[in-house]
Amino acid sequence: MDPSTEPGTLPTHTTVGEPEPSPPGSALCQTESGGTVLLQLLEFKTSLLEVVEELHIRRDAETRFEDQISTLVLEKQELEWEKVKYQVSAELKDKEINNLKEGLKALQLLKYNLEKKSSELEQKLALQSRSKDSHLNQLREVEKRFGVLSRQCAAVKQAHEKLEQNEFTVKRSSGACTDKDVAMKRSPGSAAIV
1 MDPSTEPGTL
11 PTHTTVGEPE
21 PSPPGSALCQ
31 TESGGTVLLQ
41 LLEFKTSLLE
51 VVEELHIRRD
61 AETRFEDQIS
71 TLVLEKQELE
81 WEKVKYQVSA
91 ELKDKEINNL
101 KEGLKALQLL
111 KYNLEKKSSE
121 LEQKLALQSR
131 SKDSHLNQLR
141 EVEKRFGVLS
151 RQCAAVKQAH
161 EKLEQNEFTV
171 KRSSGACTDK
181 DVAMKRSPGS
191 AAIV
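For the sequence shown, UniProt numbering assigns the number 1 to the initial residue and increments by one for each residue that follows.
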């Protein structure tokens with residue numbers, strides 16, 4: 001509050017404590033004007049105290065506001081730090097997720113290749129198994145034929161041995177007959193004896 005703007009306040013050129021020059025001869029005027037001055041002085045003091053109190057209130061408010069501003073600035077800095085920290089953390093997590101995705105893709109590709117190779121090996125194994133079965137069947141067939149041929153060979157051998165034996169017997173019989181024929185030819189009468 002500005003004391004010079006209020007009604008009933010002292011003019012700015014008046015000094016406090018000095019009485020105004022009063023016209024001579026009027027004592028009543030002096031007492032009235034002295035009372036008015038005191039009243040004005042009291043109003044001025046009141047206004048001054050109000051202004052001082054307002055200044056104290058403003059200073060307290062400014063101090064509180066400065067403290068609040070400092071606190072808010074600190075909080076803002078902390079929040080910005082947290083934000084940066086979370087952004088870095090989010091970027092790291094994104095990179096980790098991307099790495100995991102790439103790893104997953106690599107594992108899926110490896111799984112696909114292994115399944116493909118496994119399928120090829122199963123087909124190869126099935127083919128080898130069929131081939132083995134075919135070879136075993138052929139081997140059994142060969143064994144059967146070998147058995148038949150062995151029996152036939154044994155029969156032929158027996159027949160051959162029998163034939164040789166028969167031949168030998170025939171030759172021997174033939175030789176005995178020939179000897180007899182020779183002997184008969186030599187002695188015609190001895191043939192009748194035999």
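A few of these clues could be false.
Label pairs and their in silico Cβ distance ranges [as the list claims (entries may be wrong)]:
#1 ARG59 / LYS85: 55 to 65 Å
#2 VAL51 / VAL84: 43 to 53 Å
#3 ASP94 / ARG130: 48 to 58 Å
#4 LYS93 / GLU122: 36 to 46 Å
Source of the hints: derived by calculation from the structure; they are not laboratory data.
Built from N, CA and C at the ideal position, the CB exists for glycine as well.
Now the hints, each set against the structure:
A hinted range of 55 to 65 Å for the beta carbons of ARG59 and LYS85 is inconsistent with their spacing of about 38 Å. Checked against the hint of 43 to 53 Å, the C-beta distance between VAL51 and VAL84 comes to roughly 48 Å, which is consistent with it. One distance hint, 48 to 58 Å for the beta-carbon pair ASP94 and ARG130, holds here, with the actual separation near 53 Å. Separation of LYS93 from GLU122 is about 42 Å and conforms to the stated range, judged on CB atoms against 36 to 46 Å.
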